[in-house]
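Residue numbers (the numbering used here), protein chains in the order written: chain A, 1 to 286; chain B, 287 to 707; chain C, 708 to 1037.
Mixed in with the good hints, there may be bad ones.
Facing chain A, from chain B, some residues (calculated, C-beta under 7 Å) [claimed, not checked]: (1) Gln424; (2) Asp499; (3) Pro502; (4) Ala519; (5) Pro521; (6) Leu524; (7) Ala533; (8) Lys537; (9) Pro538; (10) Ser553.
What the hints contain is simulated information worked out from the structure, not anything from laboratory work.
Think of the CB as a built atom: it goes at the ideal place given N, C-alpha and C, for glycine as much as any other residue.
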Amino acid sequence: MNAQFWLIQSFNGISYGALLFLLASGLTLIFGVMRIVNLSHGAYFLLGGYIALSVIWATGSWVLAVPVAALAVAVVGLAMERVFLRPLGFDPLRQVLLTVGFAILFQQAALDIWGGDSLDITPPDLLRGSVVIGGIYFPVYRLFMIGMAVVLGAILWLVMEKTRAGAMIRAAVDDSEMARGVGIDTSRVSMFIFALGAFLAALAGVVGGGFLGIYPGLDFEILPVAFAVVIIGGMGSLTGAAVGSLIVGLADNFGKALFPEVAYFTLYAPMVLILAVKPTGLFGRE
Amino acid sequence: MLHRLKGKLGWKLAAGCLALGMGVSQTATAAEELRIGFIAPMTGGFAQVGKDMSNGFEMYLEEVGGSFAGAKVKFIVEDSEAKPPVAVRKAEKLVHQDKVQMLVGGLLASTGYALAPVSTRLKVLYVASIPAADDLTQREIAKYPYVIRTGWTSSQPSHPFGEWACEKGYKRVVTIGADFAFGYEVVGGFQRAFESCGGKVIQKIWPPLGTKDFGPYIPTIKKDADAIFTLMAGPMSLQFPKQLADAGNKKPIIGGGTSYDEFVLPSMGDEVIGHVSSLQYSAALDTPKNAAFVKKYRAKYGKVPSYYSESNYTTAQMIHEVLKTTKGKWPGTQKFIAMLSKMKFDAARGPVHFDDMRNPVQNIYVKKVERKKMFGYDKDELWNTVIKTYPNVSQFWKYGKTEFLKQPVYSREYPPCKYCE
Amino acid sequence: MSSRGKILTVMAALLALAVLTPFASSYMILLITQALVLGILAMSLDILLGFTGLPSLGQAAYLGMGAYLTAILATHYDFGLGWSFWVVILLGILIGAATAAFFGLFAIRATGVYFLMITLALGMCVWGLAYRWNSMTGGDNGINLLARPEFGIRLADEVTYFYVVLGFFIASLVMLYVLVKSPFGQSLVGIREREIRMRVLGYNTWLHKYIAFVIAGGFGGLAGVLWAHLSGHVSPQDVILATSVDALLMVVLGGPGTLVGGAIGAFVVVSLRDYLSTVVPWWQYVLGGVYVLTILYLPGGLMGIPERIRRRRALSRSPEETKKLQSASH
């Protein structure tokens, strides 16, 4: 276990965390603003990957696939929120069941449309291969994931903190009644946030697809991990999502490398402990 | 006297004609029906594999016009969802409701282990065309008298491959395999054979089944290994070679057959060129029989057949051959097993016959991934070129059956890693 | 319908089931037995969800504990295959309750969404253990039970096992019914409605919720034992998230807070998953559709339909009719 080992493992953990951040940021926003437990989030991730594949097959362009897939899923999310979730109001149980129902429908539809083979999203050559620093190989794609997470995180932070729209969103998160009281259209905000959450999940799917592959079942595999991040970091907090994804990424990585026997335990046991001690997570607010 | 003779002869002749007539009319009116219950995942993460499996079987059925030697085949497919309890329930439905004479299929070892006791309990034939769990036809065989395997055992291709690795000159190998029974058996078989001819397995890594990010594992691979032996299943097979290449690996990669099987090969890239593996089938097997099989399958289903398809296609062929000898009549479970065990087949994968533990004895092919054109297709594609053939490989390899069975089944701890540092 | 009427209806339905089932096809008997076992699980969840207002996303964990215990005792220790079957039943209930007692310490502090999340996480922990602890649980392969117990009667016979399971179902139903009608049960409902008021009145709401949680775990464990013998096979697939979600659906579909609703929901979900899937390949769409439509259009579940019909009729009645009805009932 020399310095090189720790360096590589940390790098790997951070890059995995970066991917998780892309996925979890959407989930945490949706929960924070709308108090919706979105169990379709994994399906959005998967759909993003599949739609990107279709775009690549049709046009050969990966660069085009990224925004197209993300926007397409954002529209799906929007529709789901307006038509199905809005009438439910705040009822976590019903949201769970409704979003699970949709996840099942999406999974079957994906199977019917794209077939069941394991597919791969091949990124442009620019992002392939590795950079060698000091004899250590750093895969470019991992660097790209970290870069994307940082850029996206920065954009989100700027929007939240420095723009009027962001202020409205934060107001709606903190106290939606008050927000309505001062004239903020909270239903518009909700719609936008849900679409944004779906957008981010799909984006994560396209980016993740080049790293994890795209296959049926991935949606339900990635979902508990995303929830682990959001719960540890705190639901509704972007900072929490960032910290949580770092923690989960590193814990998962080091846990598997050092204690492979209890791989899944190292992921879910901390989740239980944090929920028991501080249910709102590290950075969450009640 | 001639008169009496004529009379006797006449009676005999008449009786004979009557008997013949009755016999003929029986076979004419009693068009036997052979009901086959096929269990495979049709939804969920393994749905595509399940489809490949049933496609293989169905293609053979179509070729022979839907009947085996006069028996009309009723082929009923049930979705196991890749969940053993569901497979068990569907099996019960097939046996009790559809009155099938046999169950075929199953994908995962866990499904095989779940269906085998069902076959014992319901006294129905189970033809395991894919589940490769070693002990089904080894140490546990007494529990399952109605099971016969037409596919392979997990360690069957690994034994000759271990010998091949010695011949190639590898001395120190690191194994990295998915952490479940199938992984243990494939790696175990390799380790045993490799160490018997002087090789050393110096490290064994077990990423959990379903791992997508191999970041934690790749850096721990010992630097002084001659080669890396991998066993990946499902989506893991796709991601691992890529991540390994990205991490700068320069060592030769060898592995279990499913790591590079035609199910995943089309989705792979140039990072797997040169990787060598072993299995009882490769779509690139350059024999006339296989060429015909591959071309037909591809024309029909749009993809090169994997071993999942070949195994079920050949299973259908085997059932047909047995029925040919009984002229289309279902001989009953035990007779069927006895007959099948004694026959020899010329399958797409090559010659196959059975050992006395109801497992196939067949060729094992050492295959290498190359990008080239084959079978007249005009595109350069990835194929598993056969570079060596080991004929007549049984599940026990060169170890005697009794000696082999004395040792425990391959597991995470067995064979023990004597040379692990 | 008066509560007397409801009880009679339930008894009639159970009687019909007991009498008619043996005449159904073998596969049908199997499915009905399966629905009854899952019905016990659903009813245990109803205690939490319908009566106490605690939505648990981890009920499958207790089924898993009971099932694995049964399987391990049967295969590693050769225990539970004769009269000892009854001991295993007891142990299954105990292990379910003990697990819930342990998990409850973490979970009961939370409410609403957080309760959902923490029970999800706890369920995943059990799944993780089942999956990774190869030496004990067989890992991915699971454990095979070779035969059902035999003690004078052969449980291997489908009809016999059906009656045994039916017996446990009725016993569970009766016990839970007594529980919800008792003062303890009433206080659970009180907690569901307004926990703060209950606390003000001096109730130790934490303890009440905790006890309900443990009881639900115990019945979950019972369902687990029966489940293990039903399939003859236990694997991590029995404790995946989808099982817990299915249990939730059963309760919501049937009608939370009605006890039998859970059982009705179980019958519906089993028919969809295990019957419809043998008939059509697009059954997953139906399943997903049922999830969605139930939530949108049946807030009270199937059991709530008569109530809705009554309410709609009341709304569409003219004032004179209403007065006539009111005077008639005096």
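**OP:** Could you tell me which of the numbered hints above are not met by this structure, giving the numbers in increasing order?
**Re:** 1, 4, 8, 9
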